[in-house]
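**Student:** As a plain string of letters, each chain reads:
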Amino acid sequence: MSDAILRVNNLQTQFQTRNGVLKAVDGVSFEVGRGRILGLVGESGSGKSVTGYSILGLIEAPGEVAGGEVLLKGQDLTRLKGEAMRRVRGAQIAMVFQDPMMTLNPVLKIGTQMIAAVRAHDKVSRKVAWGRARDALAKVGIPSPEERLDAYPHQLSGGMRQRVAIAIALLHSPAVIIADEPTTALDVSIQGQILAEVRRLADETGTAFVWVTHDLAVVSSLADDICVMYAGRVVETGAAADVIASPRHPYTAGLLASVPAEHEPGERLPQVPGSTPSLADLPPGCAFAPRCFKAGPACTTTPPVQTFADGRSALCHYPIEPVSCQPLSSTSTTYRSAS
Amino acid sequence: MSAALLDIDHVSKRFVKRPSLGERIAGLLGAGRKTEIVRAVSDVSLTVRKGEVVGLVGESGCGKSTLGRIIAGIYAPSDGKVLFGNAPVAKEQGRRTEKLTTQVQMVHQDPFASLNPRMRIGDTVAEGPVTHNIVKARDADAYVADMLGRVGLDPSYRRRFPHQFSGGQRQRIAIARALAMKPDLLVLDEPVASLDVSIQAQVLNLFMDLRQDLDLTAIFISHDLGVVRHVSDRVAIMYLGRIVELAPTAELYAAPNHPYTKALFESVPRVGVGRKDFRPIAGEIPSPLHPPNGCHFHPRCPLAGPRCKREAPALSAIGPGRASACHLNGGGTD
Amino acid sequence: MSAPVETRWGRLANFWTDFRQNPVAVAALIVIVSVILMAIFAPLVAPQDPYNQKTLDLFDARLPPGEIGSGGYVHWLGTDAAGRDLFSAILYGLRTSLIIGMLAGTFALVLGATVGLIAAYYGGRTEALIMRVIDLQLSLPAILLALVLVAMLGQGLPQLVAALVAAQYAYFARTTHGAASAERGKDYIEAALSTPLPARRVLFRHLLPNALPPLLVVATVQVANSIALEATLSFLGLGLPLTKPSLGSLISNGFQFLLSGRYWISIYPGIALMLTVVAINLVGDQVRHVLNPRRSR
Numbered sequence: 001m002s003d004a005i006l007r008v009n010n011l012q013t014q015f016q017t018r019n020g021v022l023k024a025v026d027g028v029s030f031e032v033g034r035g036r037i038l039g040l041v042g043e044s045g046s047g048k049s050v051t052g053y054s055i056l057g058l059i060e061a062p063g064e065v066a067g068g069e070v071l072l073k074g075q076d077l078t079r080l081k082g083e084a085m086r087r088v089r090g091a092q093i094a095m096v097f098q099d100p101m102m103t104l105n106p107v108l109k110i111g112t113q114m115i116a117a118v119r120a121h122d123k124v125s126r127k128v129a130w131g132r133a134r135d136a137l138a139k140v141g142i143p144s145p146e147e148r149l150d151a152y153p154h155q156l157s158g159g160m161r162q163r164v165a166i167a168i169a170l171l172h173s174p175a176v177i178i179a180d181e182p183t184t185a186l187d188v189s190i191q192g193q194i195l196a197e198v199r200r201l202a203d204e205t206g207t208a209f210v211w212v213t214h215d216l217a218v219v220s221s222l223a224d225d226i227c228v229m230y231a232g233r234v235v236e237t238g239a240a241a242d243v244i245a246s247p248r249h250p251y252t253a254g255l256l257a258s259v260p261a262e263h264e265p266g267e268r269l270p271q272v273p274g275s276t277p278s279l280a281d282l283p284p285g286c287a288f289a290p291r292c293f294k295a296g297p298a299c300t301t302t303p304p305v306q307t308f309a310d311g312r313s314a315l316c317h318y319p320i321e322p323v324s325c326q327p328l329s330s331t332s333t334t335y336r337s338a339s
Numbered sequence: 001m002s003a004a005l006l007d008i009d010h011v012s013k014r015f016v017k018r019p020s021l022g023e024r025i026a027g028l029l030g031a032g033r034k035t036e037i038v039r040a041v042s043d044v045s046l047t048v049r050k051g052e053v054v055g056l057v058g059e060s061g062c063g064k065s066t067l068g069r070i071i072a073g074i075y076a077p078s079d080g081k082v083l084f085g086n087a088p089v090a091k092e093q094g095r096r097t098e099k100l101t102t103q104v105q106m107v108h109q110d111p112f113a114s115l116n117p118r119m120r121i122g123d124t125v126a127e128g129p130v131t132h133n134i135v136k137a138r139d140a141d142a143y144v145a146d147m148l149g150r151v152g153l154d155p156s157y158r159r160r161f162p163h164q165f166s167g168g169q170r171q172r173i174a175i176a177r178a179l180a181m182k183p184d185l186l187v188l189d190e191p192v193a194s195l196d197v198s199i200q201a202q203v204l205n206l207f208m209d210l211r212q213d214l215d216l217t218a219i220f221i222s223h224d225l226g227v228v229r230h231v232s233d234r235v236a237i238m239y240l241g242r243i244v245e246l247a248p249t250a251e252l253y254a255a256p257n258h259p260y261t262k263a264l265f266e267s268v269p270r271v272g273v274g275r276k277d278f279r280p281i282a283g284e285i286p287s288p289l290h291p292p293n294g295c296h297f298h299p300r301c302p303l304a305g306p307r308c309k310r311e312a313p314a315l316s317a318i319g320p321g322r323a324s325a326c327h328l329n330g331g332g333t334d
Numbered sequence: 001m002s003a004p005v006e007t008r009w010g011r012l013a014n015f016w017t018d019f020r021q022n023p024v025a026v027a028a029l030i031v032i033v034s035v036i037l038m039a040i041f042a043p044l045v046a047p048q049d050p051y052n053q054k055t056l057d058l059f060d061a062r063l064p065p066g067e068i069g070s071g072g073y074v075h076w077l078g079t080d081a082a083g084r085d086l087f088s089a090i091l092y093g094l095r096t097s098l099i100i101g102m103l104a105g106t107f108a109l110v111l112g113a114t115v116g117l118i119a120a121y122y123g124g125r126t127e128a129l130i131m132r133v134i135d136l137q138l139s140l141p142a143i144l145l146a147l148v149l150v151a152m153l154g155q156g157l158p159q160l161v162a163a164l165v166a167a168q169y170a171y172f173a174r175t176t177h178g179a180a181s182a183e184r185g186k187d188y189i190e191a192a193l194s195t196p197l198p199a200r201r202v203l204f205r206h207l208l209p210n211a212l213p214p215l216l217v218v219a220t221v222q223v224a225n226s227i228a229l230e231a232t233l234s235f236l237g238l239g240l241p242l243t244k245p246s247l248g249s250l251i252s253n254g255f256q257f258l259l260s261g262r263y264w265i266s267i268y269p270g271i272a273l274m275l276t277v278v279a280i281n282l283v284g285d286q287v288r289h290v291l292n293p294r295r296s297r
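Chains as they are written, first to last, in UniProt numbering: chain A, 1 to 339; chain B, 1 to 334; chain C, 1 to 297.
Chain A with its partners taken away, still in its complex shape (with noise of 0.2 Å):
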């Protein structure tokens, strides 16, 4: 895929810590194409968000992006400062956040908001300015929006707040929006509803999107190509129906084999064992190799990024052997065996 809008090479993210330097983000590539969505996937503590944040520029201090690049169109932006950053950002990239109230100001009218959004970056009148947000939260599925720009957040419901939050990510018509968690407090109902937003967004604005989720459901229905995170690095990336469909990483394959709704009721759940590591205490070598069914001697060296043929690659020593046409739960026999 050479016609990347975003591509991040090896980024570094740290934190400095009482307990010394957290790698929260270690060495983290992956590239986004013109109107594709990108499931960045991972648990807690697997630095999907901070590489989200990383990309934005919005990592504080104690926390720095120690190396790597994030190329907008080729444009570095990890050596923009300041204010270079702050043109850069909203209008070409922009966020959406797990809360819209990261986004949205309690005490302002949501249109007041928006004019100001719009004329932070383009010196348009207020009346013009005024249109571009309708037409913005008419985009996002909004029901009159002339009305719901004369209202405050708190008049909103969670789910028309992170559409008004997506609405304004969409103002300036950026290349990709970073999107962090954004359904993950609402509604399946309101989720469904966003969910086809997105995607109608993403075919027709030609937007490309990183959404950063847990929820392999919403990434497997909603994205083009998947990447899974585990303490830090990408394990697994490729396109996200052939991930689904065969795992090459056994992480992977372990997330997946644990979703309850593709196992018989009452039947006991393939699982991986153990728990998420501590940043500050990771294993050597591979990071998931003491909850691995497939570990062997060679885990406790850092594994090798093997790729294969259909453009995927995984991080592991013993990567799974694709399966062809087989249901989904084949791969967690190994898995049942093992718990």
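If you're looking for bench data, these hints aren't it; they were derived computationally from the structure. Virtual Cβ for every residue (Gly too), placed ideally from N, Cα, C. A portion of the hints provided could be inaccurate.
Computed cross-link-like contacts, DSS-like style, restricted to lysine-lysine with a CA-CA straight-line distance of at most 30 Å [what the hints assert, rightly or not]:
#1 C/K186 with B/K17
#2 B/K34 with A/K109
#3 B/K91 with C/K54
#4 A/K73 with A/K123
#5 A/K294 with A/K23
#6 B/K91 with B/K136
#7 B/K99 with C/K244
#8 A/K109 with A/K123
#9 B/K17 with A/K109
#10 B/K136 with B/K17
#11 B/K17 with B/K91
#12 B/K182 with C/K186
#13 A/K139 with B/K262
#14 B/K34 with C/K186
#15 A/K109 with A/K127
#16 C/K244 with B/K81
#17 B/K136 with C/K186
Chain C is nowhere near these chain B residues, computed Cβ spacing over 10 Å in every case [what the hints assert, rightly or not]:
#18 D7
#19 T47
#20 A87
#21 H108
#22 A113
#23 D146
#24 K182
#25 N205
#26 T217
#27 F265
#28 A282
#29 N293
#30 G332
Rough simulated footprint, nothing fancy, chain B against chain A, three-plus residues with beta-carbon under 8 Å [stated by the list, open to error]:
#31 183 to 189
#32 209 to 217
#33 260 to 266
#34 272 to 282
Model the placement of chains B and C on the given structure of chain A, informed by the hints.
**Tutor:** Quick look at chains B and C alone, frame taken from chain A:
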């Protein structure tokens, strides 16, 4: 299945939010808030048999957590009765609710909030049983060790504080605390919702093991249809304070009856179906402060007719062990 | 799956690591510790027992700082109108001030915390009644309340402490109420109530320990306030009898000479009072900063 262990009989719960003094003064000037009444649960009836796991499913504002807390004796119902083995679970004592039984115990959603951060976990597990003479104080240590072992934790952890455990381990501790009271009924309120996917499976397996070993009866509350399907014998779907459909799990998932249930199943993203065209439910969930008239779901229902606006459908039997609250099942929507 | 092993000492060590990030607070802590040590060991440190009339010599009255008196030692801070060595008088005065401050602070904490806890736990009318009384009291200046109480109760250490407690418990009550109300709504309290555990247990084993950290911050500040309040009362002549002067009475004692160029009699006790109060406040601020749960670790 044997006789009813828990009988929820026409239970309603209203939360009244009275305006504060300042708001009342503002009210005299025509500005303040009026008394607001949230009908969290309205007219719910349900019986739970011994050994059964009943799932309560719904979106926010549907009243599933409130109903769970009424069953667990944290709230007393505003109307109706909750009888556990023919005795009420709790009674209203002035403004406070007094719980009358130790046989119903609860596991909360967030294991980071449900354990006292300044108490050693051994004490957390022991204090209930010791207070209620389920175990003598001098035997408490061994009892706690046994309970921790049961939920898959190393008994030597009992002198540690909650912050030294991961989310999954804390949820095990919370389950151990509930089990230590030797309950006949367990109310689990979203017990895996705040856990990582790989840890969810561990806790669900633990629950299923315990259920088998201890012959537990449980109310399992969740917004996750997949999780509920996996652990429940029967499922009640709730919407804005009412049960709209009640059915044995397999039948419900095979053939949902109520339009809301169907729509809910439609809008759930699933692993492995690939990029799909969502057919999400239109509209927002109305506020329980001002629920729509008639059938609460009618503004969002594709099949709604004039009758649905006028008249709330009763939850009535549509087959053996199945019930649904929709006019389409009787008399039509006109 | 090994949970990180962390002990109480570990937490204390972490607390100290965070605390010492602020050098001003560390300096303030050193000041407090020295002040407390000097107050405790006053009889050993001070060259003179300022309350022992026999050691006083009127020939030494109002000596400026640095002069050698009839005792044969240097009066580094000068002497007062009765010939007391001011350095010694300040050390003994600190003793009185600190004892009063801590006593008043502790009693106010116990009383205020209990009242605040009860209000937060029982809610409803009980809460409304208690908190309105507290609000009413907080709207009056503490000094006014203390003045009235001392005037009613009379002079003496217990009376003074009682007046200070009555004037200050409301701050503790309000803080406790705020912290406990926030904790009251948390799941672990709900879990304890649904077990069910008796009210007293929920109050003192669950609610109180978790409402305590903000209370300790208020406590440090209130000790400083008690000291200042007591000094004010003494300055106005309503504090302890002159035979057992605190810093306030020392300041008051030298006030009349202030304009006649004998500044030291009032100024040095004043500086001692200010140092102590400011140092306690600085330490309290840093403790609040470190304990703030919203601060990322």
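**Student:** Would you mind marking each hint as holding or not holding in the structure?
**Tutor:** Here's how the hints hold up against the structure:
Between the alpha carbons of C/K186 and B/K17 the distance comes to roughly 19 Å, so the proposed pair stays at or under 30 Å and holds. Among the hinted pairs, B/K34 with A/K109 is consistent with the structure: their alpha-carbon atoms are about 24 Å apart, no more than 30 Å. Proposed proximity of B/K91 and C/K54 is contradicted: the alpha carbons are some 74 Å apart, above 30 Å. Restraint check for A/K73 and A/K123: satisfied, since their Cα atoms lie roughly 24 Å apart, inside the 30 Å limit.
Between the alpha carbons of A/K294 and A/K23 the distance comes to roughly 25 Å, so the proposed pair stays at or under 30 Å and holds. Restraint check: the Cα-Cα separation between B/K91 and B/K136 comes to about 28 Å, which is no more than 30 Å; the hinted pair holds. For the proposed pair B/K99 and C/K244, the alpha carbon gap of about 57 Å is over 30 Å, so the pair is violated. Our distance criterion of 30 Å between C-alpha atoms is met by A/K109 and A/K123, whose separation comes to about 21 Å.
As the CA atoms of B/K17 and A/K109 are separated by approximately 26 Å, the hinted pair is consistent with the 30 Å bound. Our distance criterion of 30 Å between C-alpha atoms is broken by B/K136 and B/K17, whose separation comes to about 43 Å. With a C-alpha separation of about 21 Å, the suggested pair B/K17 and B/K91 falls inside the 30 Å cut-off, and the hint holds. For a cut-off of 30 Å, the pair hint linking B/K182 to C/K186 stands: about 24 Å separates their Cα positions.
Annotation: proposed proximity of A/K139 to B/K262 holds, straight-line Cα distance about 28 Å (limit 30 Å). Straight-line distance between C-alpha atoms of B/K34 and C/K186 comes to about 27 Å, which keeps the hinted pair within the 30 Å bound. Pair hint A/K109 plus A/K127 holds up; C-alpha atoms about 16 Å apart against a cutoff of 30 Å. Between the alpha carbons of C/K244 and B/K81 the distance comes to roughly 69 Å, so the proposed pair goes past 30 Å and is violated.
Of the pairs offered as hints, the one joining B/K136 and C/K186 holds, with about 29 Å between alpha carbons and a cut-off of 30 Å not exceeded. Non-interface call for B/D7 relative to chain C: holds, since the shortest CB-CB distance, roughly 19 Å, exceeds 10 Å. At the 10 Å boundary, the C-beta of B/T47 stays outside the reach of chain C, the nearest C-beta of that chain being 22 Å off. Here B/A87 stays apart from chain C, with its beta-carbon at least about 15 Å from theirs, past the 10 Å limit.
Under the 10 Å C-beta cut-off, the non-interface status given to B/H108 relative to chain C is violated; the minimum distance is some 4 Å. Annotated as non-interface, B/A113 brings its C-beta within 10 Å of a C-beta of chain C; the closest such distance is 4 Å. With a closest Cβ-Cβ approach of about 18 Å to chain C, B/D146 is found to remain outside the 10 Å limit, as its non-interface label requires. At the 10 Å boundary, the C-beta of B/K182 stays outside the reach of chain C, the nearest C-beta of that chain being 12 Å off.
Residue placement check: B/N205 keeps its beta carbon more than 10 Å from all beta carbons of chain C (closest about 15 Å). No beta-carbon of chain C is positioned within 10 Å of the beta-carbon of B/T217; the least distance is around 17 Å. Every C-beta of chain C lies more than 10 Å from that of B/F265, the closest at about 30 Å, which supports listing it as non-interface. Once the 10 Å rule is applied to beta carbons, B/A282 is consistent with being away from chain C; the minimum gap is 34 Å.
B/N293, annotated as away from the interface, keeps every beta carbon of chain C farther than 10 Å; the closest lies near 33 Å. Separation of B/G332 from chain C is adequate, the least Cβ-Cβ distance of about 44 Å exceeding the 10 Å criterion. Judged by the Cβ-Cβ criterion of 8 Å, the stretch 183 to 189 of chain A is covered by chain B as claimed, because 3 of its residues qualify and three suffice. A stretch counts as covered by a chain when three or more of its residues have a beta carbon under 8 Å from one of that chain; for the stretch 209 to 217 of chain A and chain B the count is 4, and the coverage holds.
With 6 residues carrying a beta carbon less than 8 Å from a beta carbon of chain B, the stretch 260 to 266 of chain A meets the three-residue requirement, and the given coverage holds. Counting residues of the stretch 272 to 282 of chain A whose CB falls under 8 Å from any CB of chain B gives 4; the rule of at least 3 is met.
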